[in-house]
Amino acid sequence: QESHAVGKRPHNPTDLVAEGDLLLTLSIFYPVIFQKHKDHKPNQTVLVLGSQKLTELRDSISCVSDLQIGGEFSSQPDQAPEHISKDLYKSAFFYFEGIFYNDKRYPECRDLSRTIIEWSESHDRGYGNLQSVKMEDYTFNDLSLKIGFPYLFCHQGNCEHIIIITDIRLVHHDDCLDRNLYPLLIKKHWLCTRKCFVCKMYTARWVTNKDSLAPEDPCFFCDVCFRMLHYDAEGNKLGEFLAYPYVDPGIFN
Amino acid sequence: VSSVPGLQADCEELLGAFQQADTVRFERFAELWRERRFHTIFYGRIRALERNKVTKKTLELAQQYFLPPYTFQIRVGALYLLYGLYSTQLCQPKQKIRIALKDWPEIQRFQQDLINSQHYDAAYIFRTLRLARAFHFTAMPKLLNYRTKKKIPENEFKEEFKDPSNRVNTLITNDVLEELMNIHDHYQKMKCVISADKSQPDKALSLIKDDFVVTLKDITLEHQEWQKNRMKLFLNAKETDEKSNRKEEGTLLESEGSERANALARIKYRSYSAVVEASKSRRHRQVKLESSESGTNCGKSPSRSKKNSRRPQPARRRDSLE
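If you're matching them up, the sequences are chains X and V in order. No gaps in the numbering here: position 64 of the first sequence is 64 in the working numbering, and each next residue is one more. No gaps in the numbering here: position 182 of the second sequence is 1182 in the working numbering, and each next residue is one more.
In case anyone wonders, no lab produced these hints; they're calculated from the structure. The model shown is predicted, which means the values in this text are computed figures rather than measured ones. Think of the CB as a built atom: it goes at the ideal place given N, C-alpha and C, for glycine as much as any other residue. Incorrect hints may have been included.
[Said to hold, decoys possible] List time: in silico BS3-like cross-link candidates among lysine-lysine, alpha-carbon distance up to 25 Å:
(1) Lys1142/V / Lys188/X
(2) Lys134/X / Lys53/X
(3) Lys41/X / Lys1162/V
(4) Lys41/X / Lys188/X
(5) Lys1198/V / Lys188/X
[Unchecked claim] Partner residues are not named here, just some residues of chain X that face chain V (Cβ under 8 Å, in silico):
(6) Arg9
(7) Leu67
(8) Ile147
(9) Gly148
(10) Pro150
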């Protein structure tokens, strides 16, 4: 699993992982858990150094919800969407041991945990003192953590990932010692990609609703089939439909 | 994923033989290891992923014998076993031996004991492992995985390997006895000071038995002796028990297998023994009763059991956490 980075050394000696640094193994789970995942929940396994900031981990988490493109584009399919959700909604937090670590690096970042803290303080719910601090001010070494205990990562307002720390140990001579490669992804779940309804070959890039030309609602199309079915040679819209760009969760495979 | 089949049995057999040999010399252990060609325990795993997983489990199992509550001899045996397994493993880079933070002081104490008792070969082996960077220093002993198991098998280790759990001894240690003695003396002196006769305490102040510390010590020793004897008896009984059990087991299995064969034979006999005698005109073609006991009957059962064992394993998940 870790074979691709085992034993790697950096070009620049300042990028060498220090002796005595800690290596944490984290499991970050996929946000939506289906019945088929009952026995084995899909997740990615990441190695992170104790001396790394929480923001470094946040940036390395790849979730399809970050790539969502909002908006209905049936009338202007060629218009390149301006922003993906990752650019628009930058707020995120980690929750470890009663403290919310909010990403405050950008002016657009909001404190997503405020709602939770207010809710907990509004009545005596028995949650003790919940605090909110800045994610970028803390490294993993600063945290008190329990191994095997579920923690939370929340981004895009309501996309929640459970995080579990499965191992903590001292860095070893045989590990990858190039700081730049951390957080290091060593395992990733594999997801089935949804294919175009027409050709069944390419990954779906569009989804339509209330589509008079489609047999089901919603219906998924690859770019080519989508255009061929819904637009004429001049690019005029044919029939009635609503079209949204679709990002498949399997995009990270 | 369940434990590696046969691994625990093999390791316990080797450690048991080492315990029997009643020595802690590495030479002896190495002999036992070579006799058994123990390095072949890693053979048969072709894919790297499986090899890594099995090696990890092997080291994890062996490592457990290295820590208390196992006897000194078993722990030295475990050290040698870990050395052997670590060196002969086929993984590249080598799988490491996990040592949890909480166990490290105990291991250091163990190493010091080895040096103090002049078991230099064991101390050298340990040092070699350290220099080879064979250890991962971890927060927790077991690496977590998140498969929902139907049942987590509880490892039942052999009683003979363990130091008999002596709670009385852990409570009444030498330190405790010494301290009690000191307090007792001090108490006596105090009583003298406040008494009329400075050389001995007043009769009115004699509220406890004067020799109670000595008595306590005697009782503790007695208990230890008793426990040792009990252990010996238990082991003896187990041995004779095992021997007779094995015989019993043997005949039991035998009878189970042969019972079926017997039942079948009986049915066949009943159906075939009624042989119709051919009419006189066909005397030369008398029906002969053939015994089929050694034939198809035995042929059937083995192949049937083979079929069962070849039942396809549940599909291995592609992305296991291990």
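Status of each hint after checking the structure:
1. At most 25 Å may separate the alpha-carbon atoms for a hinted pair to count; Lys1142/V and Lys188/X meet this at roughly 22 Å.
2. Straight-line distance between C-alpha atoms of Lys134/X and Lys53/X comes to about 11 Å, which keeps the hinted pair within the 25 Å bound.
3. Restraint check for Lys41/X and Lys1162/V: the C-alpha separation of about 39 Å exceeds 25 Å, so the hint is violated.
4. At most 25 Å may separate the alpha-carbon atoms for a hinted pair to count; Lys41/X and Lys188/X meet this at roughly 11 Å.
5. For the proposed pair Lys1198/V and Lys188/X, the alpha carbon gap of about 83 Å is over 25 Å, so the pair is violated.
6. Checking Arg9/X against chain V by beta carbon gives a least distance of about 14 Å; that is not within 8 Å, so the hint is violated.
7. Restraint check, Leu67/X versus chain V: the minimum CB separation of about 21 Å is more than 8 Å; hint violated.
8. Using the Cβ-Cβ criterion of 8 Å, the hint placing Ile147/X at the interface with chain V is satisfied: the shortest such distance is roughly 5 Å.
9. The beta carbon of Gly148/X comes within 5 Å of a beta carbon in chain V, closer than 8 Å, and the hint placing it at the interface holds.
10. Contact between Pro150/X and chain V, as hinted, is not supported at the beta carbon level, the nearest pair being about 11 Å apart and thus beyond 8 Å.
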